Amino acid sequence: MISDNAKKQIDSWIAKYPQGKQSSAVMEALKVVQAENNNQLNHDLIQAVADYLDMPGIAAAEVATFYENYNHKPVGKHIIRFCHNISCMLTGADDLISHLETKLGVKTGEVTKDGLISVKKVECLGACVGAPMFQIGDQYYENLTTDKVDEIVDGLK
Amino acid sequence: MIVEIEIDGKLINANTGEMVIAVTDREGISVPRFCYHKKLSISASCRMCLVDVEGAPKPQPACSTPVAEGMKIHTQNEKAIASQKAVMEFLLINHPLDCPICDQGGECELQDVAIEYGSDVSRFSEGKRIVAPSDIGPLIQTDMTRCIHCTRCVRFGSEIAGIMEMGATGRGEELKIEPFLAEGITSELSGNMIDVCPVGALTSKPFRYELRSWQMSSVENIARHDLVGSNLYAQTYKGNVKRVVSGDNDAVNETWISDRDRFSYEGLTHENRLLFPQIKVEGQWKEVEWDVALDFAIKGLNNNILNSRNLAKLGGLASNTATIEELHLMQKLLREMGCENIDHRLNVKDLNNTMHLKSTIKLIELESVDHALVIGANLRLEQPMINHRLRKAQLSGANITTLNVKDFDFNYKVDSHITSPNEIANTLAGVLKTLIDKTKQEFPEYLSDVIPSEHSVTLANNLLEANNSVLILGEHLINNAQASSISNLTAEIAKLTNSSTLNLTATANSLGAQQVNFMPNSQGMNANEMLDADMRAFILLDIYPEYDFHHSAAALNALSSDDVFVISLNSFGSELVSQYSDVMLPMAAMFETSGTHMNINGKAQSFRASVGAPGEAKPAWKILKVLADLLELPSFHYENSTQVMSEVAHQSIQTHEYDASIDLSKQTVTLETIWMHSPYQSDVLLRHAKSLNASQIGQMNTASMSVTTAQSLSLNNKDTYLGVPVEIDSIMADQCVFVNSNQATNAGGSQ
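Keeping their order, the protein sequence lines are chains R and G.
Take my numbering: the last position of the first sequence gets the number 157, and nothing is skipped along the way.
Take my numbering: the last position of the second sequence gets the number 751, and nothing is skipped along the way.
In isolation and in its complexed conformation, chain G is listed as follows (with noise of 0.2 Å):
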């Protein structure tokens, strides 16, 4: 219902139950406040924004004063003004006065505030109170004199991050805002706590000290390490990204950011990016000029494979976090060259069995389902966007229930059915049979010899009776055995009981590099024929074979061979890169490169270069572009990567052929790994971020077992696997080691 109300004598309409502050904010009348945030809980507590209300005896706080038809609201008057100075000067009398030295100074809402309402002389001559500094982590510096006790980063933690880890403790001028664990903060999240916070109490750890605001321009970006494509703006200061603060953006990723968003610029400025081109001459690394790289790159292309016309034995391969028009350059390039042997997906163990679920619901519908299931994804983790999603869903009652090999740590209520990799496929082909049993149709031959289990009939009748519910299939399942039977199955019990789909395993922009079709066709070899074929060249783009591949080993050795040829492009300098390649261009990484990344709703979302690439870096897809006129290829006439862009928009999307078959008598393995990087570890950058990976969460290093995987392993606590430490899990699958690591995968990898 739509009121009609007064502020400063200006007639406005108003939803019903809207809080006055909402809607002075909506018109763009300024109130004063500090511990109103517009996506958390009201507290109403620092009374900063009190007005005055015609007929009310005493000025009213905006933030709780709902609207009323013909309520009179002054925001300016002397009763308000009066009011907000008093407030102002109990705030000002445990503040200390140090601005000067203060990371906050310039963009401090108390200071802000300050100017406008404080006074130029302090009445209060008492002592201050003064508050130990807490180490709570690498990631936010405290200084709790500072802090006026608003609650927001409080109420971010029960609110948003899902885990209370600051309370207020004490009382009166005792109270302070502290974490209760001795770890101090470990959400996956918690960098918000530093934007929320309106006083320098909470700032950014790793950018103390470095500058003040004003110094710095701010530049959009979009995050590209997972495949939601957070908004975000790069803060930078003489070409270097100082400081990284979430971007709004209501259908993505509302106003917050993942830690891993926000702390991986750190890794831009790291020693060992790659900063000059450099080529291997008789064994011997040496740095040379761009036009002596490219044409050593091009003679190399030439001996091993164009003058004898041999394309069959040329490859292809590209990370996933690669921009639209880097991969739709490099598929072009090679395509046009007469090469078919084009891949991102090295992760995968055997490409004839991958899972290409359409994904079906967009990220802000996931809030209103009222049921999901989520099968082999440590959500929060993974994807802290997508799992604050659906813990909305989950807080406003929806039920989630989880099929994965461990009890992972949800910060919400999910109904968690703990099943081994081996039986997921036939669990969910007990669904699909539970569902086609009610509707009395006849079943496909592959179920006839299913016998539904107990936790399957559960799981039918859950979908059942949810009107709105979404199956989420995650990435602990890209390299089980019965990979396209679980994407399969899926799809048909989301059909029959009307269900949304969520696909979590095209990470990154894997889904952008599908629409360029950077993928093999028919006649083409996938990654993994590549590395198995005794190729003779490889043009590479930010690989990083320790980690890239599911199997560093076997990939490593595809390349060291003696007779073939790797053009590597790279954003950092590696042990490994140097060994196999023979000539090493230095790329731009993220934040230094203009681009596109598409999201999993297909949204693409395009970007700008937020600063330059160091030393003689350049955007991958110039140098794409440049070794194709050297090429002589016609038809790479760009001057920016917006025209790559747009000759990408207009080309039509090649469909590929997927097996749809479901087989649930394929062989399954007696013992699965689930190697899953940590998620400070998942892609280059982020693997250079010095303050992420002193965080608990980037500290992860543990293989999960069962007590009786262990016993059959003859494995104890003190133990390794794979070269990881073993954690011994009384609630967890058999026949399955969960590894989450922080190290290389070539330690051993999944096997």
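Just chain R, with the same shape it has in the complex (with noise of 0.2 Å):
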């Protein structure tokens, strides 16, 4: 289930915890299984991560589900990660994630038909004072407006 490239690089970070706590490393394999099964996570996949950290299944699936950065649907090349907690919020994030929504013709939590982008709506990023801000890959994109957001999409290929 686990590629030996994968192993070798939870193995990784397994060596940064204690001894007998490489459980400690279940965020950080989640992240790389994830990455080699196309930006996704199933509960296969999951049991597999937990067996080998040899902790519970449901406790490798709590911090799973828990984190907005593991996906559990097919997703597109780009995740758009629209904040719409409370700073974001009252700056508007709700209307700009319909607009959104409207020109990409998807609903959160779907794929665009070519397959390239994918909406989704996280929680706070820590990026506040900001608002109304998404995620793109590693890159913030802060003090949206329409125009800024089409033209942000626009540039993705």
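Just so you know, the hints here were simulated from the structure itself, not pulled from any lab data.
Check before you lean on any hint, since a few could be wrong.
Unchecked claim - DSSO-like cross-link-like pairs, simulated, lysine-lysine; straight-line CA separation at most 30 Å:
{"#": "1", "chain 1": "G", "residue 1": "LYS39", "chain 2": "R", "residue 2": "LYS21"}
{"#": "2", "chain 1": "G", "residue 1": "LYS238", "chain 2": "G", "residue 2": "LYS280"}
{"#": "3", "chain 1": "G", "residue 1": "LYS176", "chain 2": "R", "residue 2": "LYS31"}
{"#": "4", "chain 1": "G", "residue 1": "LYS85", "chain 2": "R", "residue 2": "LYS21"}
{"#": "5", "chain 1": "R", "residue 1": "LYS16", "chain 2": "G", "residue 2": "LYS413"}
{"#": "6", "chain 1": "G", "residue 1": "LYS176", "chain 2": "R", "residue 2": "LYS121"}
{"#": "7", "chain 1": "G", "residue 1": "LYS128", "chain 2": "R", "residue 2": "LYS73"}
Quick caveat, the model's predicted, so the values are computed rather than measured.
Bring the two chains, given one by one in their own frames, into a single complex with the hints.
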């Protein structure tokens, strides 16, 4: 289930924690495994990670379902993680999300037909100072407006 | 250290480190709570127990606030009540208003607290959260829309049951309590989740939509399925047991009971119950009145035994699940007639070779051992409550070593030594030799040829390093060719290492049977000898040969012979019993009779009948008393079972001479079959409990063997062995087959 390459990466994370505390590496391990599986996790992969780290499957599932950076449904090449927590909501995130949904012809949680973009509502990303904001890959885009959203999305390839 | 604190103006002494809620509970001060449970870790997630602590800016949760000298706490002032009411309002936002159709209604902690702290009008007008139900097995019903996320079931799984099966997935409003695996919940202690759930999210599936809690009366009783004797309450309605919940007894079962003890009651109303006395006339069964059946029984005894004074040809066999009173009366009846052929050890192949190791450790002390050596036991399934104690010891640092044929699934870390049944005596002899070697004393003769293996040296060193160790002998050894040597070697090792011992081979009420001397003296025959002695009559107490005897075919043969007269007292009807019996007397089952059970610590626990027996069935002690009266035996003047028990208490226990020799040269077999019934098939009531047998543990049916053994028997994964599907196990000892089956042994059984 887990490739040798992924195991090597997970092992390097396990090594950072005290012996016997290998389950502390669960977040990184899930990330590594997800990256090798079209950016998506499933029941068997979560169980495989749990087995590899010698922890109960449900404990790994708790982590995998708690954080927004794990995907349990097919996702596009680019994932727009739109914050809709308090600061962003107060500065108009909901309107921007509707705008984005109309523009792309998908609802949040779905993927565009060409498989390029998916939109996800996420909780606070810690960038309230630049609200409303979203994240694509490792990049934060702040102080968004409809024009700015259009420009960024049109630039995605 | 003791500190003085003030709660609601009352000065109270408390221990440092104690949480406020533990003190209020002890003092009888009521503080509402959902997530707090005295036997589980503190999660402080529900916030229902907020109290006002003077000097603290905000109200504090009583469950996670440790007491300190001079602390002033208010549980009922305006601030405390206002916070509790606010929390209640939040908890009720997503809780459905379905109390009228909820099984928890009437015994629901949320309902109780809502009456005190809830508002009668909700300010929340948005849509409520709905969680789709999931099927987690035949024992627990889920309605997760009602869940308030206290996580007691999750903590119970990871902390007590030892397998984390439930978990909290998602977050915020999406948070759900659910199992990860498709099989649902498989723990042998799973039913306790029903007891700990404060709302109607987890309820008993067999009890679904049956009754309201206030319609039933709760009667204390003792579980007799294993040698722990867990305390429980049978909840009854109109003469039926409708549900079983756990009782509190820290010395026995704390506050938990196994699923086996919780759901066995379902068997009581099974259609197979024997309801009326029956006699066999010219090969035909006839339902008759009690007096006719008893007269028939006496006439049969007279014809076959008493008229010819041929008492050597009469035998009495009893199931080890019987009560002390039943066993006492039965042996007294037989002995007063002049018969010494009495036995309860039906599943032992060689009764000259029995394990008679004494148990020298209390259940509660098992928690504090620092080392345990478990030999021949799959503790989780066979003795769940003992396994629970040992698990606690392991979690606090004890080193647990096992000597088993197979790498059984322990729910804690064990150091597993896979050993074939042939090798166990030698391995223990090696341990003993290593130990004696260190003391530079002389070896006894039988150790002269023993060369300690690496295993043995490790085991010996483990024992020497420990300060407080226990040696545990399990049921897999009962029919080992060297059983008595194993038992004696264990006693020697315990002596040298100052270890305690625990003998789990005396299952159910076997210790009770020993107490009333339900075994033959030197003139009598044991169970195996009786089956081989061309007997003329038997009195049998709740015996089902296809399950109870180690070799059922031989037993059936002996009982079915034409000129043997068989009086059977049974709680359930069975095809085989009606084949060989001449008269069948219906007896009360567990929950239906008063009596006494003796647990592994020799603790005799008496219980009253929770319900009456169905049909014409009577408690077996009464049947035996009347039989004795009809046989004109004196001194059977009992009015109730308590009088029987007080007679037992005043009687001296006859000591048996056991073979203390150790003989390692004894011939061992080349292929040993260890036949263990699935835990939900171990007595007749359990075998008729529907939901238990539908569960994953109840469905277990495998004959495990190593690759080498399978090759030598020319078997593969698709074949069966003695009628049981073969499972080839890569981590397993050779020269043995381990059968864990939900089938009768009459397909073959252990040879």
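Now the hints, each set against the structure:
no.: 1; hint: LYS39(G) - LYS21(R); verdict: 25 Å, holds
no.: 2; hint: LYS238(G) - LYS280(G); verdict: 33 Å, violated
no.: 3; hint: LYS176(G) - LYS31(R); verdict: 23 Å, holds
no.: 4; hint: LYS85(G) - LYS21(R); verdict: 41 Å, violated
no.: 5; hint: LYS16(R) - LYS413(G); verdict: 24 Å, holds
no.: 6; hint: LYS176(G) - LYS121(R); verdict: 19 Å, holds
no.: 7; hint: LYS128(G) - LYS73(R); verdict: 25 Å, holds
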